Amino acid sequence: MPDTEPQRSVHRRSQDPVYAELAASKEFAELRRRYRGFAFPWTVAFLVWYLLYVVMSMWAHDFMSIKLVGNINVALVFGLSQFVTTFMIARLYATHAQKSLDPLAEELEQRYRKAVK
Amino acid sequence: MNTQVLTATLFILVVLVTIAITVWASRQNTGTTDFYAAGRSFSGFQNGMAVSGDYMSAASFLGISGAIALAGYDGFLYSIGFLVAWLLALLLIAELLRNSGRYTMADQLAYRMRQRPVRTAAATSTVVVSIFYLLAQMVGAGSLVALLLNVEGQGLKNLTIVGVGALMIFYVTVGGMKGTTWVQIVKAVLLMAGTVLITVLVLAKFGFNLSELLGAAADKTGKGEAFLQPGLKYGINTTTKIDFVSLSIALVLGTAGLPHILIRFYTVPTARDARKSVFWAIGLIGAFYLMTLVLGFGAAAMLDTGPESEVALSGGNLASPLLAEAVGGGAGSTGGAVLLALISAVAFATILAVVAGLTLTSASSVAHDLYANVFKKGTASEVSEVKVARLAAFVIGGIAILLAIPAQKLNIAFLVALAFAVAASANLPSLVYNLFWRRFNTRGATWSIYGGLVSCVVLVAFSPVVSGKVLPDGKTGSLFPLGVDFHWFPLENPGIISIPLGFLFGWLGTITAKDPEAEAAYDELEVRSLTGAGSEKAVVH
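Same order as they appear, the protein sequences are chains A and B.
With this note's numbering, you'll find the first sequence wraps up at 123, consecutive numbering, no jumps.
With this note's numbering, you'll find the second sequence wraps up at 1142, consecutive numbering, no jumps.
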């Protein structure tokens, strides 16, 4: 389909060749690898961890009801551990992004700016 | 001074303060970037507060503490999906969307697809999700204000719905995204401060010993240890258990597809600020749900929550306000009256802020996607686009008021769950495919959006929510009266089926169509989303 839409308020790709160039660069391949290498496994991990919690709450009633200290049972500790892991994964990602992703992304963005000027 | 007068005074104060903020924020509200994205001028922390303000609705504040007060552990279990879901937004969506989009959810798809079909589809699901969520909030507002002011009668509820609707139209048309964001920030501060205060007062009653608080709750409710174990609400039989799994999947996958959350990421200058927004939001929302745990069990331990109690008759919604009264010194005391009025006003501010965010989202999508790009094919001027957005806010606000009055019979928790299910089934698949799958194309995008949306709505239409559910006391548990029964889908939550269907339709549509244009554009989308090269910049005034 030919692109007959004017560029004024539409939001679509510029077709600037610099993007293909950057996409093919070693640095971009590395950025993609570092990003996906972190984001994908951790997404799977937290989803599995959460679903395990939900399924056990539904079908492992006796185990979840074991008392640990006073009135604190396994279910409560498991639930609170979901908070801990959520905070932890968020922290890990923030550190990873700052250390390993941002410098590469900035470098590539600089190259883009030079090219379009 | 009695509580009602004090409460009403604080309500009026909340209204006046939010109106003042909106008028103040409207000074620089001319172009589309100002109206839709607040000039992309908020910091990560400010937007993090606004995101959590958008997310912690009255359904969370009053609903979850009420659910814990009535169903114990299962209420807490329900709250966790709402928090964990943010990791998906953090890891896969927020930054990439900030870099590749502009004003609406559809922008990110339209970047490499054919404009008109994908924008029409995305605008449809944006408006549907926002309207379901909006109805939940407005119905809640009606009954809540009546409860909090302790006035009987349908007339006041209807009046409240109209009043809340008029205010949200005002915030959006006058304040745009900037005004709406500041209202969210103020609301988030009020909500956190109110919640911290009541939590500390409750914990102090139990010597800051959680185990003691739990024990007192188990004793007072008469349900004993079962109150602290999973199963009271969702563990009745295999169907209710699978239903809860279905609900959990929709919660955990729906958050990152809620349009009113997604467009918040456009209000910051860079992707790093979008990341910080989510990071702060996770901290605030997590802290909030931890305190809700104390409020819920505190209410169970200190209030009467039996079947004929005020807490139970309000469906749990009055648990937090009445708990505030109890820790302030009880009914009739000055401390009790002040705290009750304070918490009621916080709940009211919460409702106002959330409905404003939802109205803005729908209006933006109608103006930017449907009017400017589908109807005018991108030839509309910025001035006319903002005019249409303001007009759309009026129309959508009006429709929401008209729908909310008859919708008062609907269950609020069900409406919220439905909004999450549609977001997860219709929006998330296309967002994820578009960002990570080169082959994804226009047909895949429209099929996944319409496919997910229709599956969700059809399954709910033929579920026990709509017909054929008989409660233990012999009354109907459905929308339709007793005797009408056309349900064949056993679950109340469609997510477990409709979310995989949304992904399946997206895959099927993609592999049955050739769209070299969309594939060729993937390089540009991927470079832009990961590096920010060419992304929309903040406006300098």
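Wrong hints could be hidden among the right ones.
As the list claims (entries may be wrong) - Straight-line C-alpha distance at most 30 angstroms; calculated DSSO-like pairs for lysine-lysine:
no.	chain 1	residue 1	chain 2	residue 2
1	B	Lys842	A	Lys73
2	B	Lys1010	A	Lys105
3	B	Lys834	A	Lys73
4	B	Lys834	B	Lys1070
5	B	Lys978	A	Lys123
6	B	Lys1138	A	Lys32
7	B	Lys977	B	Lys988
8	B	Lys1138	A	Lys73
9	A	Lys73	B	Lys977
10	B	Lys1010	B	Lys1070
11	B	Lys978	B	Lys1070
12	B	Lys1138	A	Lys123
13	B	Lys842	B	Lys806
14	B	Lys842	B	Lys977
15	B	Lys1138	A	Lys120
16	B	Lys824	B	Lys834
17	B	Lys877	A	Lys73
18	B	Lys806	A	Lys120
19	B	Lys1138	B	Lys988
20	A	Lys32	A	Lys120
21	B	Lys806	A	Lys105
22	A	Lys32	B	Lys877
Unchecked claim - Using C-beta positions, here's what the derived DEER-type ranges look like:
no.	chain 1	residue 1	chain 2	residue 2	range
23	A	Gln104	B	Ala1121	43 to 51 angstroms
24	B	Ala1121	A	Ser87	43 to 51 angstroms
25	A	Leu74	B	Asp820	49 to 57 angstroms
26	B	Leu1003	A	Glu113	35 to 43 angstroms
27	B	Ile1112	A	Leu98	19 to 27 angstroms
28	B	Ile1112	A	Ser106	46 to 54 angstroms
29	B	Glu983	A	Pro109	20 to 28 angstroms
30	B	Ala1121	A	Arg39	17 to 25 angstroms
31	A	Gln104	B	Gly933	50 to 58 angstroms
No wet-lab data here; the hints were simulated from the structure.
Quantities reported herein were computed from a predicted structural model and do not represent experimental measurements.
Just so it is clear, CB atoms sit at the ideal spot from N, CA and C, and this is done for glycine as well.
Exercise. Hint numbers the structure violates, sorted upward?
Worked result: 2, 8, 9, 11, 13, 14, 17, 18, 21, 23, 25, 26, 27, 28, 29
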